Amino acid sequence: MKFLTRIFTLWFVNSIRKKTGNQTASTNFVSNSHFFVLLLPDGEKEFLASLQVLNFLLSLKKEVTIIHNNAKAHYIHQKYSIRSIEYYQTDSNKIGLPTSTFRKKLSEVKADVVIDLSRDENYFSIFSAYCVPAKIRVGFEKNDSDKFYTIQIRSSEINHEISYKNFLNCLQMF
1 MKFLTRIFTL WFVNSIRKKT GNQTASTNFV SNSHFFVLLL PDGEKEFLAS LQVLNFLLSL
61 KKEVTIIHNN AKAHYIHQKY SIRSIEYYQT DSNKIGLPTS TFRKKLSEVK ADVVIDLSRD
121 ENYFSIFSAY CVPAKIRVGF EKNDSDKFYT IQIRSSEINH EISYKNFLNC LQMF
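Using our numbering, read the sequence shown as starting at 1 and increasing by one per residue.
Derived from the structure by calculation, the hints contain no laboratory data. Where hints are given, some of them may not hold.
As the list claims (entries may be wrong) - Just the calculated beta-carbon pair ranges, DEER-fashion:
{"no.": "1", "residue 1": "Q172", "residue 2": "K94", "range": "34 to 44 angstroms"}
{"no.": "2", "residue 1": "E108", "residue 2": "I158", "range": "19 to 29 angstroms"}
{"no.": "3", "residue 1": "H77", "residue 2": "D146", "range": "34 to 44 angstroms"}
{"no.": "4", "residue 1": "H34", "residue 2": "N169", "range": "19 to 29 angstroms"}
{"no.": "5", "residue 1": "Q152", "residue 2": "F56", "range": "16 to 26 angstroms"}
{"no.": "6", "residue 1": "Q78", "residue 2": "K147", "range": "28 to 38 angstroms"}
{"no.": "7", "residue 1": "S107", "residue 2": "I82", "range": "27 to 37 angstroms"}
{"no.": "8", "residue 1": "N28", "residue 2": "Q89", "range": "33 to 43 angstroms"}
{"no.": "9", "residue 1": "T101", "residue 2": "N169", "range": "30 to 40 angstroms"}
{"no.": "10", "residue 1": "I162", "residue 2": "D42", "range": "41 to 51 angstroms"}
{"no.": "11", "residue 1": "N159", "residue 2": "E108", "range": "15 to 25 angstroms"}
Unchecked claim - Restricting the straight-line Cα-Cα distance to at most 27 angstroms, the calculated cross-link-like pairs of lysine-lysine (BS3-like) are:
{"no.": "12", "residue 1": "K142", "residue 2": "K72"}
{"no.": "13", "residue 1": "K94", "residue 2": "K79"}
{"no.": "14", "residue 1": "K62", "residue 2": "K165"}
{"no.": "15", "residue 1": "K104", "residue 2": "K72"}
{"no.": "16", "residue 1": "K61", "residue 2": "K135"}
{"no.": "17", "residue 1": "K72", "residue 2": "K62"}
Since the structure is predicted, the reported quantities are computational estimates derived from the model, not experimental observations. We put the CB at the ideal spot given by N, CA and C, even for glycine.
Hey, can you work out the whole structure from these sequences and the hints?
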């Protein structure tokens, strides 16, 4: 099943690239961009550690939309007053990719940069990142990630907190 999901995701990404062309990132894409979309990871510890990227973007007065699992909604709504898109188990089809209804919702989001904060090979997240029309896509290095992201950040750390701190340090360079 994972193989089929991977193949379909690669096909989808290639078809989008043919329509929009390859994306390139300038050396100061964070400072020059205004609208960001963050895809937050599902795991509790990873989710909490990834919020430092959200806090960084908010400190720069960026417009941020987050995409997250509905199980994390209580935490997000308590702490932040930003636009969020929740996904439910029903937003995933039989092979684990976003449904057409969810893809349509994502295609209406305005973004300059999409940042996928999942460290594992989460094809739902990768596919969702490509549903949002954006100039630049950033994510952790994974299998075939050169086909998915304009900028890849290596995560060789077992410790998720260090990985997200390194991710944040890389973003701060831009």
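The hints, checked one at a time:
Checked against the hint of 34 to 44 angstroms, the C-beta distance between Q172 and K94 comes to roughly 40 angstroms, which is consistent with it. The hinted window of 19 to 29 angstroms between E108 and I158 is violated, with their beta carbons roughly 38 angstroms apart. For the pair H77 and D146, the supplied restraint of 34 to 44 angstroms holds, since their beta-carbon distance comes to about 36 angstroms. Between H34 and N169 the beta carbons are some 22 angstroms apart, a value that agrees with the proposed interval 19 to 29 angstroms.
Range check, Q152 to F56: Cβ separation about 19 angstroms, and the 16 to 26 angstroms hint holds. The hinted window of 28 to 38 angstroms between Q78 and K147 holds, with their beta carbons roughly 37 angstroms apart. Between S107 and I82 the beta carbon distance is about 20 angstroms. The supplied range of 27 to 37 angstroms is therefore violated. Hint check: N28 to Q89, Cβ distance near 39 angstroms, so the stated range 33 to 43 angstroms holds.
Distance hint for T101 and N169: a CB-CB separation of about 37 angstroms, consistent with the stated range 30 to 40 angstroms. I162 and D42 have their C-beta atoms about 19 angstroms apart, which leaves the hinted 41 to 51 angstroms range violated. In this structure the supplied range 15 to 25 angstroms is violated for N159 paired with E108, their Cβ-Cβ distance being about 37 angstroms. Straight-line distance between C-alpha atoms of K142 and K72 comes to about 24 angstroms, which keeps the hinted pair within the 27 angstroms bound.
Proximity of K94 to K79 is assessed by CA-CA distance (about 33 angstroms); at most 27 angstroms being required, the pair is judged violated. The straight-line distance between the Cα atoms of K62 and K165 is roughly 19 angstroms, inside the 27 angstroms bound, and the hint therefore holds. Restraint check: the Cα-Cα separation between K104 and K72 comes to about 22 angstroms, which is no more than 27 angstroms; the hinted pair holds. The suggested pairing of K61 with K135 holds, with an alpha-carbon distance near 19 angstroms, which does not exceed 27 angstroms.
Proposed proximity of K72 and K62 is supported: the alpha carbons are some 22 angstroms apart, at most 27 angstroms.
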